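Residues 5 to 370 in this note's numbering are what the sequence shown spells out, letter by letter.
Since the hints were derived computationally from the structure, they do not count as laboratory data. What you are looking at is a predicted structure, and each value in this text was computed from that prediction instead of being measured. This list has only true hints and no planted wrong ones.
What follows is a list of derived Cβ distance ranges for each label pair:
#1 D130 <-> N266: 33 to 39 Å
#2 E203 <-> C254: 44 to 50 Å
#3 A355 <-> E312: 33 to 39 Å
#4 G170 <-> P194: 34 to 40 Å
#5 R129 <-> S284: 43 to 49 Å
#6 A328 <-> T288: 20 to 26 Å
#7 G37 <-> A262: 38 to 44 Å
#8 A328 <-> A142: 34 to 40 Å
#9 G112 <-> S58: 21 to 27 Å
#10 G207 <-> G37: 16 to 22 Å
#11 G170 <-> T210: 36 to 42 Å
Even for Gly, the Cβ is constructed at its ideal location relative to N, Cα and C.
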Amino acid sequence: MVAYADIPGAVVVDGVLHHLGNPLAEQRALNAGAAIAPLDERTVIAVPGEDRLSWLDSLSSQALAHLAPGESAELLILDPQGHVEHAASVVDDGQTAWLIVDAVDAEGLLAWLRKMRFRLRVDPRDAGGELVVVGGTAAAIAGLDASAPAGVPLVWHDPWPGVAAGGWGYATVDPHPGGQRDWSEALVAPEALDRIVAEAASGDRTLAGSIAVDALRIAAWRPRIGDVDERMLPHEVDWMRTAVHLAKGCYRGQETVAKVHNLGHPPRRLVALQLDGSDSVLPTRGDVVRAGADAVGTVLAAAIHYEEGPIALAIIRRSTPVDADLAVDAEDGPIAAAQEVVVPPEAGATASVPRLPRLGRRVAAP
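Using the sequences and the accompanying hints, generate a full structural model.
In structure tokens, the structure reads:
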């Protein structure tokens with residue numbers, strides 16, 4: 005058990021370090037590279053074996069067959085209808101593919117991977133007892149003793165909001181609010197985390213909690229598996245930019261991904277909400293978003309940002325006008341919300357479909 009209790013002000017819930025007394029200051033320090041964050045809500049799945057990359061390539065939305073040692077990627081596992089089931093950050097060290105996943109998703113993803121092994125040379129396992137995850141800017145993470153069992157430091161650099169090879173970005177805002185995002189995650193041994201916590205307890209290191217991490221993520225419009233419902237398509241939350249390769253081989257859900265992107269439109273769209281903070285109330289995941297009296301969507305995540313104030317990500321119907329005034333049905337009453345378009349209503353339909361001339365009526369034979 006990590007000794008967070010030794011750190012002044014530490015608030016821990018279910019083993020997760022939520023904050024250390026001042027989440028806003030923690031955000032600022034984290035963003036500036038002056039703090040790092042133990043990511044207790046993240047865990048690790050290891051996939052060793054000669055077939056690991058081609059196997060993960062065949063199962064997921066991402067092109068991984070030629071992933072180089074130390075290179076970072078992101079994958080999604082979709083259901084046959086193209087809905088998001090699992091997500092993972094991936095770094096390979098030449099011998100093992102290391103998947104960094106949200107702990108709430110790990111058991112289900114690992115069970116599914118084990119079912120899909122067949123006779124291939126892969127052996128996925130729970131590596132959460134071997135390694136833990138610590139996040140921060142690339143420079144802050146570089147100072148940590150990242151694990152390197154095959155000689156390659158296990159550090160994942162978040163590609164968001166860049167558009168990865170084969171990806172597609174729907175957000176048209178320039179600059180993208182995540183454009184300055186600098187986020188990496190290092191895999192370290194549990195005893196290394198114990199040393200980090202001891203340094204924080206003695207005042208020799210600054211830590212940030214999960215509340216600060218999530219606030220910076222929300223401000224960057226960055227989706228995560230905890231935002232997902234059973235209907236979520238990657239297009240709806242702009243996940244196509246980092247987690248989907250549109251030109252790779254067949255995988256489960258690919259047909260829907262291609263159809264929606266090339267010929268249709270995602271039925272829902274992600275918006276960023278600027279919330280009225282006059283009552284100091286934040287909505288929670290699942291709270292209803294309304295345009296007038298009509299329920300048009302739900303909140304995915306909310307936070308108080310150190311610069312922007314109360315903010316949220318929400319998923320709403322594509323048909324909702326982009327200039328509609330919105331409100332959130334929070335537990336303590338409605339909260340006025342101004343929407344900023346992340347995924348525009350016209351997203352998708354990228355293919356140029358030729359229009360064939362109409363055939364005239366045949367002339368009846370005499």
